[in-house]
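Chains as they are written, first to last, in my numbering: chain A, 1 to 597; chain B, 1 to 105; chain C, 1 to 336.
Simulated from the structure, these hints should not be mistaken for laboratory data. Heads up, a few of these hints could be off.
Stated by the list, open to error - Computed cross-link-like contacts, DSSO-like style, restricted to lysine-lysine with a CA-CA straight-line distance of at most 30 Å: (1) B/K102 <-> A/K324; (2) C/K184 <-> A/K562; (3) C/K140 <-> C/K184; (4) C/K148 <-> C/K251; (5) C/K170 <-> C/K46; (6) B/K29 <-> A/K549; (7) B/K59 <-> C/K251; (8) A/K75 <-> A/K487; (9) A/K552 <-> B/K29; (10) B/K35 <-> A/K549; (11) B/K29 <-> A/K316; (12) C/K251 <-> A/K552; (13) A/K316 <-> B/K22; (14) B/K18 <-> A/K324; (15) A/K75 <-> A/K296; (16) C/K170 <-> B/K59; (17) A/K296 <-> A/K170; (18) C/K148 <-> A/K487.
To be verified - Beyond 10 Å from chain C on every Cβ pair, some chain B residues (computed): (19) L8; (20) K76; (21) R89.
Just so we're clear, the structure is a prediction, and the values are computed from it rather than from any experiment. Note that CB positions come from ideal geometry on N, CA and C, so glycine has one too.
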Amino acid sequence: MIDRIPSGFNPFVIPFLVGMGFVLLYCAFGVVRILFQLSREDRRKFFISLVNPKTALKNIRDIFCDCLFHVKLWKRNPLLGYMHSSIAFGWFMLILLGHIEVILFVPTRINLFYYPIFFNFFVAETDQTLRGALLFFLMDFFLLVVLSGIVLAIIKRVRSRLFGMRRTAKPSVINLIGLYALWSIFPLRLLAETFTAHISGGSFLTGPANWIFRQFLGNDLHYLPTWWAYSIVLGIFMCVLPFSRYMHIPAEMLLIPMRNAGLKIRNARKGLAKVQVYSCPNCGVCIDACPMSAGKENIKDCTVYLTRQIRRGNEKRIAEISDKCLLCGKCEAVCQVGVQGPEIRIQQRAIREYSINQDYSDIAALPVREAKVLYFSGCMSKLVPSIGRSVESVLRKAGVDVEWMDRDGGLCCGRPMLTAGRTDEAMSMVHKNEEMILASGADTLVVSCPICYRMFKESYNLPGVRVVHYSVYFDELVKAGRLHLTKSDLCYVYHDPCELGRGCGIYEEPRRLVGQAAAIAESDKCRAESVCCGGSLGSLSLSFRQREKITKASLENLYTSKADAIATACPLCQATLSRYSDRPVRDIAEIIDRQTN
Amino acid sequence: MADFGFKLSKSSTLDLDKVDLKVYNLLCKTDPDIKTCMACGSCSATCTAAPFSGMSMRKVILALQRGQDVRPMLGKCMLCGKCTMVCPRAINTRHLILSICKCYD
Amino acid sequence: MKDNIVIIGGGVAGMEAARQLIALGHKPIIVEKSNSLGGHVASWYKLFPDMTPASEIIARLTKEISDANVFTGTKVLSMTKDKDTYSLTLDNGVTIAAKAVLLATGFHLFDASKKEEYGYGVYDKVITNRDLEALFRGEKDARIDNPKAVGFVHCVGSRDLKAGNSQCSKVCCMTAVKQAIEMKEKFPQAEIYCFYMDLRLFGKKYEDFYINAQRDFGVHFIRGRVSEVGETFDGRLQVKAEDTLAGKPLKVQVDTLVLMSGMVCNPTVSDLVRQARLDIDDDGFLKSRNNIFDILESNRPGVFYAGACTGTKTVPETLAEARAAALEIHNYLKDG
Numbered sequence: 001m002i003d004r005i006p007s008g009f010n011p012f013v014i015p016f017l018v019g020m021g022f023v024l025l026y027c028a029f030g031v032v033r034i035l036f037q038l039s040r041e042d043r044r045k046f047f048i049s050l051v052n053p054k055t056a057l058k059n060i061r062d063i064f065c066d067c068l069f070h071v072k073l074w075k076r077n078p079l080l081g082y083m084h085s086s087i088a089f090g091w092f093m094l095i096l097l098g099h100i101e102v103i104l105f106v107p108t109r110i111n112l113f114y115y116p117i118f119f120n121f122f123v124a125e126t127d128q129t130l131r132g133a134l135l136f137f138l139m140d141f142f143l144l145v146v147l148s149g150i151v152l153a154i155i156k157r158v159r160s161r162l163f164g165m166r167r168t169a170k171p172s173v174i175n176l177i178g179l180y181a182l183w184s185i186f187p188l189r190l191l192a193e194t195f196t197a198h199i200s201g202g203s204f205l206t207g208p209a210n211w212i213f214r215q216f217l218g219n220d221l222h223y224l225p226t227w228w229a230y231s232i233v234l235g236i237f238m239c240v241l242p243f244s245r246y247m248h249i250p251a252e253m254l255l256i257p258m259r260n261a262g263l264k265i266r267n268a269r270k271g272l273a274k275v276q277v278y279s280c281p282n283c284g285v286c287i288d289a290c291p292m293s294a295g296k297e298n299i300k301d302c303t304v305y306l307t308r309q310i311r312r313g314n315e316k317r318i319a320e321i322s323d324k325c326l327l328c329g330k331c332e333a334v335c336q337v338g339v340q341g342p343e344i345r346i347q348q349r350a351i352r353e354y355s356i357n358q359d360y361s362d363i364a365a366l367p368v369r370e371a372k373v374l375y376f377s378g379c380m381s382k383l384v385p386s387i388g389r390s391v392e393s394v395l396r397k398a399g400v401d402v403e404w405m406d407r408d409g410g411l412c413c414g415r416p417m418l419t420a421g422r423t424d425e426a427m428s429m430v431h432k433n434e435e436m437i438l439a440s441g442a443d444t445l446v447v448s449c450p451i452c453y454r455m456f457k458e459s460y461n462l463p464g465v466r467v468v469h470y471s472v473y474f475d476e477l478v479k480a481g482r483l484h485l486t487k488s489d490l491c492y493v494y495h496d497p498c499e500l501g502r503g504c505g506i507y508e509e510p511r512r513l514v515g516q517a518a519a520i521a522e523s524d525k526c527r528a529e530s531v532c533c534g535g536s537l538g539s540l541s542l543s544f545r546q547r548e549k550i551t552k553a554s555l556e557n558l559y560t561s562k563a564d565a566i567a568t569a570c571p572l573c574q575a576t577l578s579r580y581s582d583r584p585v586r587d588i589a590e591i592i593d594r595q596t597n
Numbered sequence: 001m002a003d004f005g006f007k008l009s010k011s012s013t014l015d016l017d018k019v020d021l022k023v024y025n026l027l028c029k030t031d032p033d034i035k036t037c038m039a040c041g042s043c044s045a046t047c048t049a050a051p052f053s054g055m056s057m058r059k060v061i062l063a064l065q066r067g068q069d070v071r072p073m074l075g076k077c078m079l080c081g082k083c084t085m086v087c088p089r090a091i092n093t094r095h096l097i098l099s100i101c102k103c104y105d
Numbered sequence: 001m002k003d004n005i006v007i008i009g010g011g012v013a014g015m016e017a018a019r020q021l022i023a024l025g026h027k028p029i030i031v032e033k034s035n036s037l038g039g040h041v042a043s044w045y046k047l048f049p050d051m052t053p054a055s056e057i058i059a060r061l062t063k064e065i066s067d068a069n070v071f072t073g074t075k076v077l078s079m080t081k082d083k084d085t086y087s088l089t090l091d092n093g094v095t096i097a098a099k100a101v102l103l104a105t106g107f108h109l110f111d112a113s114k115k116e117e118y119g120y121g122v123y124d125k126v127i128t129n130r131d132l133e134a135l136f137r138g139e140k141d142a143r144i145d146n147p148k149a150v151g152f153v154h155c156v157g158s159r160d161l162k163a164g165n166s167q168c169s170k171v172c173c174m175t176a177v178k179q180a181i182e183m184k185e186k187f188p189q190a191e192i193y194c195f196y197m198d199l200r201l202f203g204k205k206y207e208d209f210y211i212n213a214q215r216d217f218g219v220h221f222i223r224g225r226v227s228e229v230g231e232t233f234d235g236r237l238q239v240k241a242e243d244t245l246a247g248k249p250l251k252v253q254v255d256t257l258v259l260m261s262g263m264v265c266n267p268t269v270s271d272l273v274r275q276a277r278l279d280i281d282d283d284g285f286l287k288s289r290n291n292i293f294d295i296l297e298s299n300r301p302g303v304f305y306a307g308a309c310t311g312t313k314t315v316p317e318t319l320a321e322a323r324a325a326a327l328e329i330h331n332y333l334k335d336g
């Protein structure tokens, strides 16, 4: 293997160099800017995590699993997983093998940036070696892998249903340019390497193809233009990359270490949020997942469109999309790269200025009787009185010394205010509630509303007080033998409330309880995949009429279980579902209360 | 001015010919449901903030419709959303409150 | 006259229409899904405005339609049109070819447990207007034990988009006033509170009832929709509303809370409606061709309506419609 061109240069590499240089500069500049946008504390945390061997190792593992192998996508949809990982991993291997080739055969050229990419143009094969054959074989093999991915991508663009996707995001013009450039890179590479295969050597793909072409192409005049074309599409791809969805490729490599460093979104338009926005690959998995898209409505309000509008800076649409969302968290649960759609929206809401600001600090704390166990039912439970009544009844049956702290009303937990983006107001409520709870001397706070529960878990500082959802607490009481359940002959399907399931990760205890009090069935989509009831306080702007379709779609999913009744553990879910349900909707507390004596 | 031992107080009559409905008209655009309120009082009765402050969404909407200043009436709203849940006319009162908090400058 | 006329529904509308058709020389067939005639009225004790016992009305109608062909405990499975004749298949295997069909399918009483905040089915002491009539008729009801205070909640499931019914049920205000008086007569020491949004007392003598309730029975009328019902430590009900006239939140403890369940469309007719391709109005009730002149006519020739199947009605209105429908059918068959 020898260098064929003494200067080691040909003008056709210029488009590639321009593109590559542009991308590298853009990304370097972007990284610096984003790091400066982080708070001092977050930046410190980030750098420490980079040198911490444990997180560093995890970063590398995650980058390989997520960016190259798309493990999460494989689990969700193997065909899509293959498509993405074949392109990503195949391309990565082509680049890696290109470098190995340069190191092995022309080590003097390793400082030339473009050499590994256009290796086959610059070298001539002098003698065939096993090492060379193996490398050429691998190069052809991975090129084939990438090409198979490209073919799938083309099919998917025409027929997304074949890939189990009902709806995908509509690509913008710049994305289309990037897409077509990406599609043409590898066929052109195949063609270019084929044409030079009799000089540089080839393997099972490029070798025979070269022989076929040489049968009817008399001279070598066509091969330089092909290498030019290959370099040009590479250049185009690199130049549009920062402005297209392909930005997700470099952005994700920053997002993974940032996530592993434990950073949180503090501003919807800066720092981590910005990296997430750029990491969105526009795959559109969130569209089918979004409960608002029931009946083909609100499709342009899904997270994929939020990231797109943020990149475009369309403030009107950003505000609309942010206000409409139910914050059910499903887009985040299905997102392959980990874009936190709900949190970005909450922080976007927080940017808005209000001229009337609420303050609760002067409210006199309500007296709470001293008790070991406090029960907080929350505002919404007042509208579904069966819940509080049943929780209290069950606790008394188990002999728990319980005090219902907001029996006659109390302060809101603050979460509705927090999700509206009004953090200071929310925290003002939080401090007032903390004061009351700590004054009671209780060591356990039982909460029945998942919205409140999440707030107590995430935003309250209650030293010495265990915050527990009643389903977990009841489950413990049953295990401890303090509650004895009898089985009814009803069959329930359990609807996971968003805040309890995806929000707090509580899936098993409610099912175990219902399963001990009755038969239990599962619907098509359950646990992390469950469909929001549509009643969520997360949405600020969805009207009652718009919510109707969402609720009905949620019920349709629950009906797939063929259960006689629906069980849930959230007052808002119960009130919303029972509005249109053709079968009874009951809270778990009520079911347990009926089946204990 | 000489003190005659009494003073003229401002008329307490609502003069509909003179009221300033700027804020209300603005809200009719962002939250058109506001027009359908039938003053049943459900929102006020269920309000979490009412026991602390006497907050009443019904009064807020009425005051807006009569061109009065509602700024002092929302200082304790907790945005809990119960008023929206109970409204028989399905008015999104929660969004309305945010719109009101936003529209004064 | 040999043409068959089928009346679907054996409530007061169906019975009265049958009575008139018999008088006009026809022999109508009544198909009633429950085991007895009389419909909702049969479960009522006394009817306003004259406090006539409902049983008297039903007894009189039953006697006068003894010539009609009555299928009780029978449902109509299908109704299809063939030229100018409707073919009705019943669940007892009978098939009837009818020239004219009268839908007197009435209404459904709103399921009060759907308004969870009122606690029907959760608290023993919360009952509905129908439960109360049963008590008046002499049925035992352990839930009502010499109450010291009684609340009536108007508009339960009526004028309520959240409950899926934006219409006013029209009769509940008057029923509440009537039942408040009856309650006070039964339990003279009880304080009675009526929670209303608007008092819609439009009919003959209704205003007199209102005045009586205020003057002679001391019923308290509170303008405010109840939003929550809670329970006190000693097991009484805590009712929360806003006194919108006083402009203050209001709470009161009661021992019995009566929910005035409204009238909603009858969902069991939806199959028939689909088969016969009848129009449904926005409120879910059957749609008349015109709400002034052709209120008894459907969009299909030969299919007529009477009573609460087209919207909320009082008993006198229903009876008047039934009579008019009988005449419409008579004329239709004569011309045809």
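Now for the hints, and whether the structure bears them out:
{"no.": "1", "hint": "B/K102 <-> A/K324", "verdict": "17 Å, holds"}
{"no.": "2", "hint": "C/K184 <-> A/K562", "verdict": "48 Å, violated"}
{"no.": "3", "hint": "C/K140 <-> C/K184", "verdict": "18 Å, holds"}
{"no.": "4", "hint": "C/K148 <-> C/K251", "verdict": "16 Å, holds"}
{"no.": "5", "hint": "C/K170 <-> C/K46", "verdict": "17 Å, holds"}
{"no.": "6", "hint": "B/K29 <-> A/K549", "verdict": "24 Å, holds"}
{"no.": "7", "hint": "B/K59 <-> C/K251", "verdict": "18 Å, holds"}
{"no.": "8", "hint": "A/K75 <-> A/K487", "verdict": "36 Å, violated"}
{"no.": "9", "hint": "A/K552 <-> B/K29", "verdict": "29 Å, holds"}
{"no.": "10", "hint": "B/K35 <-> A/K549", "verdict": "24 Å, holds"}
{"no.": "11", "hint": "B/K29 <-> A/K316", "verdict": "16 Å, holds"}
{"no.": "12", "hint": "C/K251 <-> A/K552", "verdict": "35 Å, violated"}
{"no.": "13", "hint": "A/K316 <-> B/K22", "verdict": "23 Å, holds"}
{"no.": "14", "hint": "B/K18 <-> A/K324", "verdict": "37 Å, violated"}
{"no.": "15", "hint": "A/K75 <-> A/K296", "verdict": "26 Å, holds"}
{"no.": "16", "hint": "C/K170 <-> B/K59", "verdict": "27 Å, holds"}
{"no.": "17", "hint": "A/K296 <-> A/K170", "verdict": "14 Å, holds"}
{"no.": "18", "hint": "C/K148 <-> A/K487", "verdict": "39 Å, violated"}
{"no.": "19", "hint": "L8", "verdict": "27 Å, holds"}
{"no.": "20", "hint": "K76", "verdict": "13 Å, holds"}
{"no.": "21", "hint": "R89", "verdict": "6 Å, violated"}
Checked against the numbered hints listed earlier, the structure breaks hints 2, 8, 12, 14, 18 and 21; every other hint is satisfied.
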